[in-house]
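Single-letter residue listing:
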Amino acid sequence: MNEEKVISGYDPQIMRRLLQFLKPYKLMVVFAVLGLFLSTAAELMTPVIMQQAIDKHIVVRFFRIKEGEQPLFADLKIPDDAPMIEGWLYLPTNVFSELSGREIELAKEKGAIDTSSYYVISRGGEDIEEVIWNHQKIFTLSEDYAAVLLEDLSTLPEEERMILRQRDIQGIAEAAVLFFILLAGGLIFSFLEVYLMASTGQGVMKDLRMKILGHTLGQSLKFIDKNPVGSLVTRVTNDVETVNELFTTVATSVLKDISLMVGVVVTLFLLDTRLGFITFLTLPPVFFITLYYRVRARDAYRRVRMWVSKVNAYLSEHISGMEIVQIFGREKRCRKEFSETSGELLKANISEMLVYACFRPIINFLTSLSIGVIIYFGARGYIENLISLGVLIAFIHLIGKFFRPVMDMAEKFTIMQSSMAGGERVFALLDQVERISDTGTEPLPDPVRGKIEFRDVNFSYVEDEQVLKDLAFQVEPGETIAIVGYTGAGKTTIASLLSRLWDVDSGSILLDGIDIRSFPLHELRKMIQPVQQDVFIFSRSIVENIALGSNITREEVERAAKIVFADSFIRKLPEGYDTILDERGANLSTGQRQLLSFARVVAHDPKVLILDEATGSIDTETEKLIQRALNNLLEGRTSFVIAHRLSTIRHADRILVLSGGELVESGSHSELLSREGVYYNLYKYQYEAGNREILT
Amino acid sequence: MLKEFKTLIPYLKRYIPYYIAGLLFLIITDAAQLLIPQFIRKAINLIYTGNFELREILTTMALMLLIALFVAIGRFGWRYFIHGASRRIERELRDDLFSHLLLLSSTFYRKMKTGDIMARATNDMRAIRMASGMGFVAFIDGIFMMIAILIILFTRYPQIALITIAPLPVVTLFVLSFGKMLGHRFKRVQEGFSRLSEHAQESLSGIRVIKTFVQEKSNLSRFEETNEEYRATNMALVRVWGFFFPIIGFLSGITSLLLLKFGGVATLKGDISPGDFVAVLSYLEMLIWPMMGAGFMVNMLQRGAASLERINKILHEKPDITSPPEPLREIKSWDIRIDNLSFSYNGEDVLDNISFLLPEGNTLGILGRTGSGKSTLIRLLPRLLDPPKGSIFLGGQDVHEYELSLLRSAVGLVPQDTFLFSSSIRENLSFGNPDMKEEGIREVADISTISRELETFSEGWNTQVGERGISLSGGQKQRISISRALAIQPPVMIFDDALSAVDTETEESILNAFLKKRQGKTNIIISHRVSTLHAADSIIVLDEGKIIQRGTHEELVREEGLYQEINNLQKLEHHGERGQK
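Top line first, the protein sequences correspond to chains D and L.
Just so you know, numbering that gives the first Met the number 0 puts 25 at position 26 of the first sequence, and the rest follows in order with no gaps.
Just so you know, numbering that gives the first Met the number 0 puts 555 at position 556 of the second sequence, and the rest follows in order with no gaps.
Treat the hints as calculated values from the structure; they're not laboratory data.
In this text, all values refer to a predicted model and were calculated from it rather than measured experimentally.
Hints should not be assumed to be uniformly reliable.
[Stated by the list, open to error] Computed list of lysine-lysine pairs in DSSO-like fashion (alpha-carbon distance at most 30 Å, straight line):
1. K561/D - K216/L
2. K309/D - K225/D
3. K331/D - K216/L
4. K112/L - K309/D
5. K268/L - K55/D
6. K331/D - K112/L
7. K110/L - K2/L
8. K346/D - K12/L
9. K112/L - K571/D
10. K312/L - K309/D
11. K331/D - K5/L
12. K312/L - K331/D
Throw the hints in and build the complete structure from the sequences for me.
Set out below in structure tokens:
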């Protein structure tokens, strides 16, 4: 197994091309991103709600400033409806966070501010008035408000305290409702986002797969020669699947993580600029450590992937080849080899484990460090009345949210890079173009008579290795032509050129006097069909294997099978024509497969036929049947037979003898024998060798 | 379920020190982790009272960081030991699985396909690793943390403990029921993926047929259906799976909500301090993971058990072909005698009462139609399939009496289907005889004529043959396979129609060189071609598992029967030609 590139760097060009595939899903993506932002916002809002509830209702404190001294506190936003009692203006403590400790000290010296902790109640309601009445001494009153020192408040019995604070209790309940709405919103939006993103990813995968297969099917055979089927299958399946990771992991989780982390930082700054700034200073180490471990995690992942694929390749190969291992008594050696490979995988796994075993605890420790710093500086701010308890708690809460995504950040980067590599391989494939140009517009003659002419055809698969040289001949409609020659003489190439699986380098091939390149490719291929040596069977029913998706009725299929004597063996199969064949037709013999491929041709009824005779081992009786079927098959069609059997050659109207890509002789069997040339020698050698197969 | 885990016991035992160390670290981590909120609580309470020295806060935080350091070390420790142990167990189990696979015969490999075995060796192995690593951690961690946190919550904050933890059991139940719902959806996605791969594989392998019959469009539209199906199963999974983390987030949010509502009022009343409020918030967050872990653990153990069951299916498969308890370690001669051998396979009679004698140094030819039992017959000799006792004798002893590796190394078999390993040509040639010298390789390569093509290989003997020899032609593969068997210079050599992809001229020269090399040794040659069998000292003709004819080529040609019939058919063409001439 070749070790394919598992990880590539971030490549903007690949990203851009992948984004092209997002176009049809634009709307979905927009809504997904919207869902993502909304759910992130909801998640960030919850600590803020909690902070508000703590500062406004749970742990409430007021300071008071002298009326008329407001100019001293010009920086403060003093609400117009701030409670005013006996010449003092009561302000919640968090209002003062704009002032520095020194400014407050200055104001204190002037007697402009009183930083004792007060609680302020809006008056009204019988129960509240009753409590105030009972404890007149500790309250300072105005018409609308009552203020009380917190120390004094705590001396009251619990019941009375609850009465005074019923508005706070109600406030908490309201905050809880708001909290619930945010949670529910977060749930809905994040599901929406996951669902839409997955849907987009699935859609893109489907499009990509269709594109790859469509692209491949549209290419000439050169493409298949360059790309082994195994790796093409990997492109269509696994590589596309890793590209999907880009949508599911990267888009949903990395984007979400990043917006959450940015959101946390922004919220921190909004809650308190100073503490936000200090907290922010603790973050760069996280950044550098993550960067460092990202590289190590990637390297470790690479190593693991490499050894995983080696172990799997070894395993799968030796399971398939177990009989060979046992025949050659190699069990001990294999056990040792496998154990070595598997040991390398273990080493790679352990070193990957170590990367994460170091990284995660470090990040965890950094979380605690940040919390420590927040609490310490928070405490300083609190002393100076710069910060409220609620804000401090919200900071602790939020910083936890910041660090959680960092934990698997390194892992996600690795996934992102490997899906980039997947994308790179897919696009590299899509960039390969080996198309047979299909520009012909000429309609086929009606009816096609089947006259074929090769006019000075030159062709080579690889440059400088000419396979056909100035090949020229004519074939009349209905004629059967045998093509003989040694291996490599260019026999099979003729077949591929006729059906335009390849195109000639120079010269031309004419059907009924017209260059085959001027017909639409599909029309041409319907008229000229090759029958290959190794018959490919699809794992579908016999009917489908004969009709191959063309518009052919079942009756026509059965008639075709009868013509080539395939009917009798098909009927003997358990489900007759509806028998589902094995992958690669393992439940049919070679001969039966050959007959099936004949039936295919008869059903599709081409005017020109190219038959590559099988050389494989078919038992002699089946071979007789094939010969008879062949006669029916060739009837009424212009046919080229790349012949290996003497009987076939003898029945041909004409024999073309190829040697080194050139036509060296042509004529009937007896004509050619009497000429005592290449054919004679070929024939004589094979004949004297006493072999069944005359020409190979 | 527990029964399946028995297989793991010996492995677990070997790593007991790892698990104990891991456990210790885990408990240190958990205990230290539980202390952290207490420091925060203390600091917040200090701050709340307003009467504090900054130094007090500083020392509290410093202490907290010290504890956090313990947490970090502990986390490293348990990961190192427990993941380390589970990785090592995985490796040993995989090695043992492969060792066991090496002992199993083709009877087993007929039953279980390569893809299936591979799935067990990879996916199931992963599930077992999860069960023995993360499953273990989740179990211990979950139980310890859950109990400890519940104790802390109920003893210190009894007023709000019960109400705030109410959503947590729901988390566990949710994860559990989710696992079940997801299970079969995952399975369907995997099946969809297999179908997709199969379809792609088939379309791409059959591309010539598709192109010549102009079926690109119909093929693509079929592929689109498969694709669409796969997409649908994926979305069915997402509809459930997509809810998972949002719901977990929601439920953990609900605990915070309950704390806000009830803890908030309790703080306001003065029942608990603001520091307590924050501490409970931290504890509740810490509880989420063990609660999820409990659900995960059950799933992981269930999956682990299911996977172990699948692995056990292989491990418990008794090797049906083994050496006897007291094996013979020497083969005295290379006479082969087959006595009334009948053999049936999968309930089908393949061979019926076969008897023959093949004296040392002779060559036996076997002719027969496809399915006449030839390939089965020759697999019985080196016990790749097991013959009934008392039917096959080598050197006068029942083949069952010999040590298996001795028997097999004595018999060189060139099977009909050539299988090469994806290594270099040299490594393939010396597969059975790794210490072979350059001249030896040269010699066996000359016999099969593969050496003629040496210069066409880009790197000579060191050219990689690709997966299963993909870069070679059929004939090249067959010839390498022949050389490979010759390299071990086996006293008995069997050729199973091994020259079908080679042209007649080459076949001739290979056979001549082969027989010369094998002079005086015992050979069995199977072929479809009468011409190939010329040189055999004696020939048997098999039909439907019976010997219907035996004799030399000359005798059989004269005798009426299948041999003559085939010979005539293969000669027929020449007679026809003679007439024309």
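Going down the list of hints, with the structure as the test:
Restraint check for K561/D and K216/L: the C-alpha separation of about 28 Å stays at or below 30 Å, so the hint holds. A hinted pair counts as satisfied when its Cα atoms are at most 30 Å apart, and K309/D with K225/D qualifies at roughly 23 Å. Proximity of K331/D to K216/L is assessed by CA-CA distance (about 51 Å); at most 30 Å being required, the pair is judged violated. This hinted pair checks out: K112/L and K309/D have alpha carbons roughly 20 Å apart, not beyond 30 Å.
Note on K268/L and K55/D: the hinted pairing holds, with a Cα-Cα distance of about 15 Å set against a maximum of 30 Å. With a C-alpha separation of about 23 Å, the suggested pair K331/D and K112/L falls inside the 30 Å cut-off, and the hint holds. At most 30 Å may separate the alpha-carbon atoms for a hinted pair to count; K110/L and K2/L meet this at roughly 24 Å. For the hint pairing K346/D with K12/L, the CA-to-CA distance comes to about 21 Å; that is within 30 Å, so the pair holds.
Under the criterion of a C-alpha separation no larger than 30 Å, the hint pairing K112/L with K571/D is consistent with the structure, at around 27 Å. A threshold of 30 Å between alpha carbons decides the hint, and for K312/L with K309/D the separation of about 25 Å falls inside it, so the pair holds. For the given pair, K331/D sits about 27 Å from K5/L by alpha-carbon distance, which is consistent with the 30 Å threshold. Simply put, K312/L and K331/D have alpha-carbon atoms about 23 Å apart, close enough for the 30 Å limit, and the pair holds.
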